[in-house]
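K.L.:
Since each chain comes alone in its own frame, lean on the hints to assemble the complex.
Residues per chain, in single letters:
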Amino acid sequence: MMDLKEAICELIRLTSTDLPAGVEKRLREAANREEPGSAARLAMDTILANVDMARKNSTPICQDTGTPIFFVHYPSGMDTGALTAQIRSAVELATQRSTLRPNAVHSLTGKNSGNNLGNDTFPTIHYTAIKEDTLTIDLMLKGGGCENVGAQYSLPDTSLDAARDLDGVRKAVLDAVHRAQGDGCAPGFLGVAIGGDRDTAYAASKEVLLRDLDGRNPDETLNQLESRLTQDANEMGIGPMGFGGKTTVLGTRITCLYRLPASYFVTISYMCWAYRRRKMTLTAGQVTYE
Amino acid sequence: MTIELRTPITDDAIRSLKVGDTVLLSGVVVTARDAAHKWLADAFIHPLQPPSPQEQATLKELKAVLDRGVIFHCGPVVTGLDTRQYRIVAAGPTTSMREEPYQADVIRLFNLKGVIGKGGMGQKTLDALHASPAVYFHAIGGAAAVIAQTVTEVLRVHLLELGVPEAMWVIHVERLPVVVTMDSHKRSLHDQVRAQSRRALDRLLK
Numbered sequence: 001m002m003d004l005k006e007a008i009c010e011l012i013r014l015t016s017t018d019l020p021a022g023v024e025k026r027l028r029e030a031a032n033r034e035e036p037g038s039a040a041r042l043a044m045d046t047i048l049a050n051v052d053m054a055r056k057n058s059t060p061i062c063q064d065t066g067t068p069i070f071f072v073h074y075p076s077g078m079d080t081g082a083l084t085a086q087i088r089s090a091v092e093l094a095t096q097r098s099t100l101r102p103n104a105v106h107s108l109t110g111k112n113s114g115n116n117l118g119n120d121t122f123p124t125i126h127y128t129a130i131k132e133d134t135l136t137i138d139l140m141l142k143g144g145g146c147e148n149v150g151a152q153y154s155l156p157d158t159s160l161d162a163a164r165d166l167d168g169v170r171k172a173v174l175d176a177v178h179r180a181q182g183d184g185c186a187p188g189f190l191g192v193a194i195g196g197d198r199d200t201a202y203a204a205s206k207e208v209l210l211r212d213l214d215g216r217n218p219d220e221t222l223n224q225l226e227s228r229l230t231q232d233a234n235e236m237g238i239g240p241m242g243f244g245g246k247t248t249v250l251g252t253r254i255t256c257l258y259r260l261p262a263s264y265f266v267t268i269s270y271m272c273w274a275y276r277r278r279k280m281t282l283t284a285g286q287v288t289y290e
Numbered sequence: 291m292t293i294e295l296r297t298p299i300t301d302d303a304i305r306s307l308k309v310g311d312t313v314l315l316s317g318v319v320v321t322a323r324d325a326a327h328k329w330l331a332d333a334f335i336h337p338l339q340p341p342s343p344q345e346q347a348t349l350k351e352l353k354a355v356l357d358r359g360v361i362f363h364c365g366p367v368v369t370g371l372d373t374r375q376y377r378i379v380a381a382g383p384t385t386s387m388r389e390e391p392y393q394a395d396v397i398r399l400f401n402l403k404g405v406i407g408k409g410g411m412g413q414k415t416l417d418a419l420h421a422s423p424a425v426y427f428h429a430i431g432g433a434a435a436v437i438a439q440t441v442t443e444v445l446r447v448h449l450l451e452l453g454v455p456e457a458m459w460v461i462h463v464e465r466l467p468v469v470v471t472m473d474s475h476k477r478s479l480h481d482q483v484r485a486q487s488r489r490a491l492d493r494l495l496k
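Taken in sequence, the protein lines are chains A and B.
When we follow this note's numbering, the leftmost residue of the first sequence carries the number 1, and every step to the right adds one.
When we follow this note's numbering, the leftmost residue of the second sequence carries the number 291, and every step to the right adds one.
Treat the hints as calculated values from the structure; they're not laboratory data.
It is possible that some hints are incorrect.
Reference listing, derived: stretches of chain B covered by chain A, where coverage requires no fewer than 3 residues with Cβ under 8 angstroms from a Cβ of chain A [unchecked claim]:
1) 380-392
2) 400-414
3) 458-466
Capping the alpha-carbon separation at 25 angstroms, the derived lysine-lysine pairs in DSS-like fashion look like this [said to hold, decoys possible]:
4) A:Lys111 / B:Lys328
5) A:Lys246 / B:Lys308
6) A:Lys279 / A:Lys131
7) A:Lys111 / A:Lys279
8) A:Lys25 / A:Lys246
9) B:Lys353 / B:Lys328
10) B:Lys328 / B:Lys414
11) B:Lys496 / A:Lys246
Here are the computed distance ranges between Cβ atoms for each label pair [what the hints assert, rightly or not]:
12) B:Glu451 / A:Thr80: 32 to 38 angstroms
13) B:Ala347 / A:Gln286: 56 to 62 angstroms
14) B:Ser342 / A:Lys25: 52 to 58 angstroms
15) A:Gln286 / B:Thr442: 40 to 46 angstroms
16) B:Glu464 / A:Asp212: 29 to 35 angstroms
17) A:Met1 / B:Pro340: 55 to 61 angstroms
18) B:Asp417 / A:Lys25: 42 to 48 angstroms
19) A:His126 / B:Thr300: 52 to 58 angstroms
20) B:Leu445 / A:Thr288: 43 to 49 angstroms
21) B:Leu445 / A:Gly114: 21 to 27 angstroms
Positions of the beta carbon are idealized from the N, C-alpha and C atoms, including for glycine.
Okay, chain B solo, but in the shape it has when bound (with noise of 0.2 angstroms):
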């Protein structure tokens, strides 16, 4: 069965998720993957100096957006960018380990209640789906074309000078389908997967 979500989500909603719960994610996202989160952390969450005060203006639009909401690592293929008329053409996960440094931190930053990305995470993301609680959404990598159909709307777009890939994008998506495989009850689907594998990997290496 599927379910159907729309951000801001409760906690109450994020805590019946299981891993292998099909979902159909609405609501406004914010793209954000490596340099973003590289950013957030050196910025807000171990920074060296106090942000500027454009830092500081862009956290709180953020913060607004995402409270109760969802991240998704993502760099998308952007038409319009000469006359601000942004739309997006392709918009598929990337690799979600590279920012297991700062999932954790991210998490409680924003009080995310969800993780979209691909590949799935480590265990301290997990300790903190958790602890916020939230889960971790696995679109389905390379169906960019099919989850760009699903972006009805670019809200805004922050941090454009990292380039297209790296900035983080506000859009409103309509049924985004993903699979949860990382739930708030510390279970991991990528987990499983991996033990099963090694024990035939066992078998075949003899």
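If we strip away everything but chain A, and leave its shape as in the complex, we get (with noise of 0.2 angstroms):
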């Protein structure tokens, strides 16, 4: 298997420090709409000022650089034993480079490893058999603040008047972005699984956040309610950074899994405005970034 290590480094580097396009445009849309001389004006154009400094200097643009998340769609018959060791190492490296910040914290004796690895669960890899020949590698950096705001109800909820419905989703989710206020680094995006259980949800409305931001659901009736979403949240007026402002949430991504008869589980997954993840492909030898 080719040595992939420095390529998958360099994914880290270009996620930690070089945010998104798309994710960039509508921050910029975003500041606009506040009104100049607020305190949600000053937050936008600090963030725009920042993803800016980041990019050029090379540093990372949250200090945070969170849970790496890796999903990796690898050609069936791939030895994914030692893809994960590559990976890992990349991880190792690119924390002694300072693009991630040392995070893993063992959770009984508080001590920080120090690279970044902890036993087998840290980082948080993900892997997909495909039939085509070209490898993929989705990353994601996930902080702490956005990620203690995602929530997971179980429907019906009488405290929301909350039924087994779409419109019950659509309550659980405004709940939790209430909870949230500013603390997920708010404008921020919403990844959102309705059913699954309670470990494949959490799982899928992270995934979720993959897709393309101007892409549409492919399902029309997911597609409205992720535009109602986004607007409903918007209505409460939390603001960036929870200052009162008009943009709490730039965007949001519905799955749908399976679900038992017993259960109809709705999970949130917040992801703050430093929306970092990238994609690295292999195909016949060359390595691409997007």
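P.N.:
Structure representation (structure tokens):
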């Protein structure tokens, strides 16, 4: 197998320091909607200056470089054990190069491992085998502030008057946005999974955030719910950093999973404005990034 | 209008600040987050045993820079760990609410005039800000490159054994941009926004 350590380390650097253009465009539009001179506008202008500076200096956009979450689609038959080892060495190298902050802490001793490696569980790597001969690695860096405001609801929820239908889903998601206030570093993005069980739903609510920002949901009902949720969330006026303002949520992505007859989970992953995700593709020995 | 402030900060300057003011903060600030706050509480505020001589020495050094000073809820990215030629390359605020159990006591312990963080804090801290007096400065979450650019010098590091994010970094900043979101007159922008967004949510849930 080809040595991909340096290539993956570059994927990590790009993700940590260079925000995707589509995200930056939405941030710029949100900045223009806020009143000049307001705290919300100051927040947005600072965010935009920060995105620019991080890219120019090749330094992390946010000091919380988060949990590195890798979604790997590999040609069936590839040795994933060897690939895991390469991803882990790339994470260690990126930490030495200060592209990542040492973020793996032992939950009992409180000791930071210093290299972003912890047992087999840190970083997170999801594998899916595919028929094609192309390896793709999507990387998302998800910080603790926004991870902490993620939420899972079990419907029906009487306190929200949320039944097992799409209006119930809407109510649960809006409640989560209200609870988060500015703590998830608003304006953020919502990844929502309907159904599944407790663990598959959280993973799916993150993976759906990899979908193209400007693309439509293939399911028209969900497509409409995505727009409605973004609009409703912004009506709450929580605003950038929770300072009060026009934009709280920049976009919503929903996915649907099969569920048990007894369970109806609505799971929300909140992604901060620093929506750091990049993709690496390996075809015929050539590596490209997007 | 933007107000310029430099540590150590006077009580008069603090009392003149109100919710919504934008401030450019300069001078010495000390990073302290979850483990540092817990350590301060366990070693000095509610000690189960007397602090060790080393802990007392650390406290003395911290008191010298934190009297009328400012604590920053931040776990930075730092280069130069092997050579001790430390440089902060990313330094945004972390969520402050996790320090709510400790903050009021820590404000009193050091005679703090400000706490920098994000997301705001609770009633106990708001009361302590009133009593001190002190204010809560909200930095822009995630703006780690811009804030790192305001750090002109790393003066000292304490508790590095807790790991880079949790250590207490004594740093000099010049014109760090912040917004006052909790003032010394018991006003909190966070309480206002929470109440107003609650009313909107109730409408949307109907």
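K.L.:
Hint by hint, note whether the structure agrees.
P.N.:
Hints, one by one, checked against the model:
no., hint, verdict
1, 380-392, "holds (count 6)"
2, 400-414, "holds (count 3)"
3, 458-466, "violated (count 0)"
4, A:Lys111 / B:Lys328, "holds, 15 angstroms"
5, A:Lys246 / B:Lys308, "holds, 22 angstroms"
6, A:Lys279 / A:Lys131, "holds, 19 angstroms"
7, A:Lys111 / A:Lys279, "violated, 31 angstroms"
8, A:Lys25 / A:Lys246, "holds, 16 angstroms"
9, B:Lys353 / B:Lys328, "holds, 17 angstroms"
10, B:Lys328 / B:Lys414, "holds, 17 angstroms"
11, B:Lys496 / A:Lys246, "holds, 22 angstroms"
12, B:Glu451 / A:Thr80: 32 to 38 angstroms, "holds, 36 angstroms"
13, B:Ala347 / A:Gln286: 56 to 62 angstroms, "holds, 58 angstroms"
14, B:Ser342 / A:Lys25: 52 to 58 angstroms, "holds, 54 angstroms"
15, A:Gln286 / B:Thr442: 40 to 46 angstroms, "holds, 44 angstroms"
16, B:Glu464 / A:Asp212: 29 to 35 angstroms, "violated, 41 angstroms"
17, A:Met1 / B:Pro340: 55 to 61 angstroms, "holds, 58 angstroms"
18, B:Asp417 / A:Lys25: 42 to 48 angstroms, "holds, 43 angstroms"
19, A:His126 / B:Thr300: 52 to 58 angstroms, "holds, 54 angstroms"
20, B:Leu445 / A:Thr288: 43 to 49 angstroms, "holds, 44 angstroms"
21, B:Leu445 / A:Gly114: 21 to 27 angstroms, "holds, 23 angstroms"
In this structure, the hints that do not hold are numbers 3, 7, 16, in rising order.
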